[in-house]
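Visitor: Line by line, the protein sequences give chains C and Y.
When we follow numbering that gives the first Met the number 0, the leftmost residue of the first sequence carries the number 0, and every step to the right adds one.
When we follow numbering that gives the first Met the number 0, the leftmost residue of the second sequence carries the number 0, and every step to the right adds one.
Check before you lean on any hint, since a few could be wrong.
To be verified - A few chain Y residues that face chain C, going by a derived Cβ cut-off under 10 angstroms, partial list only:
1. Ser33
2. Pro47
3. Thr48
4. Pro67
5. Asp78
6. Glu95
7. Ala103
8. Ile120
To be verified - Cβ-Cβ distance ranges computed for the label pairs, FRET-style:
9. Ala14/C with Pro101/Y: 40 to 46 angstroms
10. Arg49/Y with His193/C: 34 to 40 angstroms
11. Glu126/C with Pro101/Y: 40 to 46 angstroms
No wet-lab data here; the hints were simulated from the structure.
Quick reminder that beta carbons are idealized off the backbone N, C-alpha and C, glycines included.
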Amino acid sequence: MAFAESDPRASRSRATTVAPNAATAKILVAGGFGVGKTTLVGAISETTPLRTEELITEASVGIDSLAGVEQKTTTTVAMDFGRITLSSALVVYLFGAPGQDRFWFMWDDLSRGALGAVVLADTRRLESCFPSVDFFEHRGIPFAVGVNCFNGVCEEDPEEIRTALDLAPDIPLVLCDARDRESVKTVLLALLEHVMRGLAVEASGDRQPV
Amino acid sequence: MRHWSEEDPWEDEDPALLVRPYTVTGGRTPTAHSGIELITLISTVRPPTRDQRLQPEQNRLLALCRTPTALVEVAALLDQPVAVIRVLLDDLLDNELVSVSPPAAAGTPDARFLQAVIDGIRRI
Ligand SMILES: Nc1nc2c(ncn2[C@@H]2O[C@H](COP(=O)(O)OP(=O)(O)OP(=O)(O)O)[C@@H](O)[C@H]2O)c(=O)[nH]1
Ligand SMILES: [Mg+2]
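The following block holds chain C by itself, in its conformation from the complex:
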């Protein structure tokens, strides 16, 4: 489209002009509070992570005098996202969102159509990523675990972390630095290759003998 090219915003931190019918993909970044989700998204995104705040109406049951009466409360949930334009025909969006129990309803929405998820873990508070691991396991959403080594070096033994998280042997676990673009690429590739292996297994399982 001619006017898209002459628009100064076309260069809005994006080297390639995206076609209106380009394919888009979504990857999730989950994990406990302050584990480095936004940092990871920012390290690989071509924009600084953008934020949207969604107003979400939750039904909650009153515990006071109006016992049993449903009340609606409106919660604001923030999510960050970043963008990677891979070509004029393909754009990947990374979404980082809070991994607290009360926000799982949002993850249900977010995970629809996602390629998979990165669960970020911090070895100093490993348990903070348990809910995210549980969520993706139960929903059957492929995920990889990225262990964010905050001081740049990880002294922990990856196998010990795997055991502590009770991860299935096929789930990738990668030590990473959420601030480092190449390191983040490694995590994303570990996830995507895991998703690809899952597809291959599925295809061979579904195949009917000819």
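Using the hints provided, position chain Y with the ligands relative to the given structure of chain C.
Guide: Chain Y with the ligands in isolation, oriented as in the chain C frame:
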């Protein structure tokens, strides 16, 4: 004075009156165009004609989406909840001022698509 929800959204002469989410949408909720997801790209097809009186937010959306922009990004840049942008989009789609990128096939991703993402990320 009528309640705002009874007013014709196009009737208002003064664009500066426009403001709050859900006032912006005239109290409507989006339903008409489903299949638009957070990462669906919105692209402006043509500018509005003179008799198509749009709300300021819709004009901003059209200006922004001259570069194809995902729904979630439109929401972030226009500083409105996604739900509000969806409603604003309904009219723009009805009037064929914007187009949306085709939805991804439901279910597990296609291996070729996945490989393209893998190759792309290796390259960047
Ligand atoms: N030293 C060091 N600091 C980091 C690293 N990753 C993140 N941080 C810092 O840790 C803090 C939290 O990181 P965020 O990326 O905001 O974490 P988050 O998971 O998005 O946090 P919430 O959205 O609040 O849950 C920030 O001050 C980051 O700069 C890291 O690998 N090393
Ligand atoms: Mg964050």
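Visitor: Against chain C, is Glu95/Y within 10 angstroms by beta-carbon distance?
Guide: violated (13 angstroms)
Visitor: That 34 to 40 angstroms hint for Arg49/Y and His193/C (C-beta), does it hold up?
Guide: Between Arg49/Y and His193/C, where Cβ atoms are some 54 angstroms apart, the hint is violated.
Visitor: Does Ala103/Y pass the interface hint, meaning its C-beta sits closer than 10 angstroms to a C-beta of chain C?
Guide: holds (6 angstroms)
Visitor: Is it true that the C-beta distance of Glu126/C to Pro101/Y lies inside 40 to 46 angstroms, as the hint says?
Guide: holds (42 angstroms)
Visitor: Interface hint check: Thr48/Y, Cβ to nearest Cβ on chain C, cutoff 10 angstroms. Holds or violated?
Guide: At 16 angstroms from the nearest chain C Cβ, Thr48/Y fails the 10 angstroms test, so the hint is violated.
Visitor: Grab the minimum C-beta distance from Ile120/Y to chain C and call the hint holds if it beats 10 angstroms, violated otherwise.
Guide: Holds. Min distance 6 angstroms.
Visitor: At the C-beta level, are Ala14/C and Pro101/Y separated by a distance inside 40 to 46 angstroms?
Guide: violated (24 angstroms)
Visitor: A closest beta-carbon separation below 10 angstroms is what the hint needs, so does Pro47/Y meet it against chain C?
Guide: Since chain C brings no Cβ nearer than about 14 angstroms to Pro47/Y, farther than 10 angstroms, the hint is violated.
Visitor: Holds or violated: the hint that Pro67/Y contacts chain C, with Cβ atoms closer than 10 angstroms.
Guide: holds (5 angstroms)
Visitor: At a threshold of 10 angstroms, is the proposed contact between Ser33/Y and chain C supported by beta-carbon distances?
Guide: violated (13 angstroms)
Visitor: Would the hint on Asp78/Y stand, with a C-beta cut-off of 10 angstroms toward chain C?
Guide: holds (9 angstroms)
Checked against the numbered hints above, the structure breaks hints 1, 2, 3, 6, 9 and 10 and satisfies the rest.
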